[in-house]
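Undergrad: In case you want the letters, here they are:
2 protein chains.
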Amino acid sequence: MRLRAFLPAALIVCALAALPFCLHPVRVAHAAPAGAPAYAANGDLLPPNYREFIYLTTGIDMSYNPKATGGGESMFDNVFVNPEAYHSFVATGTWPDKTVLVLEGRVARTRGSINTRGHFQSEQLMGGFEVHVKDEARFPGKWAFFDFDKADKNGTLIPSGAPCYSCHAQHAAVDTTFVQFYPTLLPIARAKHTLSEEFAREDSAGGK
Amino acid sequence: MRLRAFLPAALIVCALAALPFCLHPVRVAHAAPAGAPAYAANGDLLPPNYREFIYLTTGIDMSYNPKATGGGESMFDNVFVNPEAYHSFVATGTWPDKTVLVLEGRVARTRGSINTRGHFQSEQLMGGFEVHVKDEARFPGKWAFFDFDKADKNGTLIPSGAPCYSCHAQHAAVDTTFVQFYPTLLPIARAKHTLSEEFAREDSAGGK
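Those sequence lines, one after another, are chains A and B.
My numbering puts the first sequence at residues 1 to 208.
My numbering puts the second sequence at residues 1 to 208.
Derived from the structure by calculation, the hints contain no laboratory data.
It is possible that part of the hints are untrue.
[Said to hold, decoys possible] Straight-line Cα separation of at most 30 angstroms, BS3-like style, residue types lysine-lysine; simulated pairs: (1) A:Lys153 x A:Lys142; (2) A:Lys98 x A:Lys192; (3) A:Lys192 x B:Lys153; (4) A:Lys150 x A:Lys98; (5) B:Lys192 x B:Lys153; (6) A:Lys142 x A:Lys192; (7) A:Lys192 x B:Lys98; (8) B:Lys192 x B:Lys150; (9) B:Lys142 x B:Lys153; (10) A:Lys150 x B:Lys192; (11) A:Lys153 x B:Lys192; (12) A:Lys153 x A:Lys192.
All chains, full assembly: derive it from the sequences and hints.
TA: The structure is reproduced here in structure tokens:
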């Protein structure tokens with residue numbers, strides 16, 4: 001799962017760091033081919049058709065700060081991955097080259113139709129969506145994050161010094177991704193012994 | 001979205017009503033072919049491979065009773081549909097024959113790994129999953145509900161007199177399904193004028 005779900009403050013740093021890319025004049029959107037990442041000439045990522053990807057999980061108002069308020073409005077995070085990468089993970093317990101993980105934020109609502117309690121997902125995206133892509137030949141660290149502020153615009157690269165990269169490297173369970181929050185993939189990684197050393201210790205200590 | 005997300009009390013009625021089916025001796029599980037519904041000789045529904053279906057939405061602790069507590073533990077509901085039906089809905093705004101909608105309940109957790117707030121989905125299913133299937137030649141009302149108490153067992157038919165049927169008929173936005181809670185499909189149904197009269201009135205009055 002992507003940083004924003006956990007680290008709202010750090011994300012602001014990411015967003016600010018990405019700002020020069022947002023102002024780049026070449027932002028032509030194209031439909032990306034199903035699955036593998038595709039790029040514009042300026043290095044932007046084309047928007048993936050992620051609502052037809054494989055679904056991994058949803059969180060709500062997640063944060064590593066127990067006092068975080070999220071600004072008053074509740075938000076769901078939905079995570080998707082391209083089908084080719086999903087099938088490879090099921091077979092191997094880790095991600096292949098050309099993996100495309102997408103985190104979509106949606107405003108949570110309570111009152112609507114016959115519902116009066118809990119939360120459901122609204123039509124309104126919260127802050128667009130973000131992509132974590134593995135492209136070994138393209139990125140020195142194999143993975144990169146891209147920020148999409150609208151569904152029909154290309155995504156801008158978040159620079160490798162942003163805190164999302166170090167947080168994922170330090171705390172994510174498998175290959176810098178938060179598989180500890182993907183309920184159908186975590187048991188596969190456990191069985192195939194692909195968990196990071198840090199998370200494997202936590203998992204065997206009952207943190208699962 | 002299926003009844004349980006909204007009507008915990010009514011679901012108990014459904015579950016009790018389905019009990020004779022649960023005790024039926026013929027409960028051999030088979031992997032269903034991708035997409036279309038498939039049945040055992042006794043009429044049970046074979047378990048669909050729904051985690052590779054198209055994702056529609058997630059709710060948490062939804063209920064039409066504002067004082068409902070859900071028994072103390074929070075629960076996510078994830079909704080999936082077979083890809084063939086999804087693509088047909090995108091084109092037409094309603095569901096074709098052989099639609100298979102799946103509602104999966106998962107226990108929500110708060111503390112785990114670096115997360116200390118909000119909720120994420122655990123590995124633990126809550127009460128298995130349920131399926132709403134459209135099979136016009138098979139069911140007098142075109143649609144039927146099936147209850148799966150385990151992922152690798154066949155599903156048992158919920159009798160047509162159960163309150164889930166009447167609730168869906170009365171309150172669901174499109175063709176007895178709760179499209180009002182599927183954020184990417186609701187605008188399609190609105191544009192294609194396939195909303196029920198009751199929900200269309202509510203929607204145009206600002207209930208969306």
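Undergrad: Look at each hint and say if it fits the structure.
TA: For each hint, the structure was consulted:
Pair hint lysine 153 of chain A plus lysine 142 of chain A holds up; C-alpha atoms about 24 angstroms apart against a cutoff of 30 angstroms. Restraint check: the Cα-Cα separation between lysine 98 of chain A and lysine 192 of chain A comes to about 21 angstroms, which is no more than 30 angstroms; the hinted pair holds. A threshold of 30 angstroms between alpha carbons decides the hint, and for lysine 192 of chain A with lysine 153 of chain B the separation of about 25 angstroms falls inside it, so the pair holds. With a C-alpha separation of about 22 angstroms, the suggested pairing of lysine 150 of chain A with lysine 98 of chain A holds against the 30 angstroms cut-off.
Distance hint between lysine 192 of chain B and lysine 153 of chain B is unfulfilled; the C-alpha atoms sit about 38 angstroms from each other, more than 30 angstroms. Using a Cα cut-off of 30 angstroms, the hinted pair lysine 142 of chain A and lysine 192 of chain A holds, with the two alpha carbons roughly 22 angstroms apart. A threshold of 30 angstroms between alpha carbons decides the hint, and for lysine 192 of chain A with lysine 98 of chain B the separation of about 36 angstroms lies outside it, so the pair is violated. With a CA separation close to 37 angstroms, the supplied pair lysine 192 of chain B and lysine 150 of chain B exceeds the 30 angstroms bound.
For the given pair, lysine 142 of chain B sits about 24 angstroms from lysine 153 of chain B by alpha-carbon distance, which is consistent with the 30 angstroms threshold. Distance hint between lysine 150 of chain A and lysine 192 of chain B is fulfilled; the C-alpha atoms sit about 24 angstroms from each other, no more than 30 angstroms. Restraint check for lysine 153 of chain A and lysine 192 of chain B: satisfied, since their Cα atoms lie roughly 25 angstroms apart, inside the 30 angstroms limit. Distance restraint check for lysine 153 of chain A and lysine 192 of chain A: the Cα-Cα separation of roughly 38 angstroms exceeds the 30 angstroms cut-off, and the hinted pair is therefore not satisfied.
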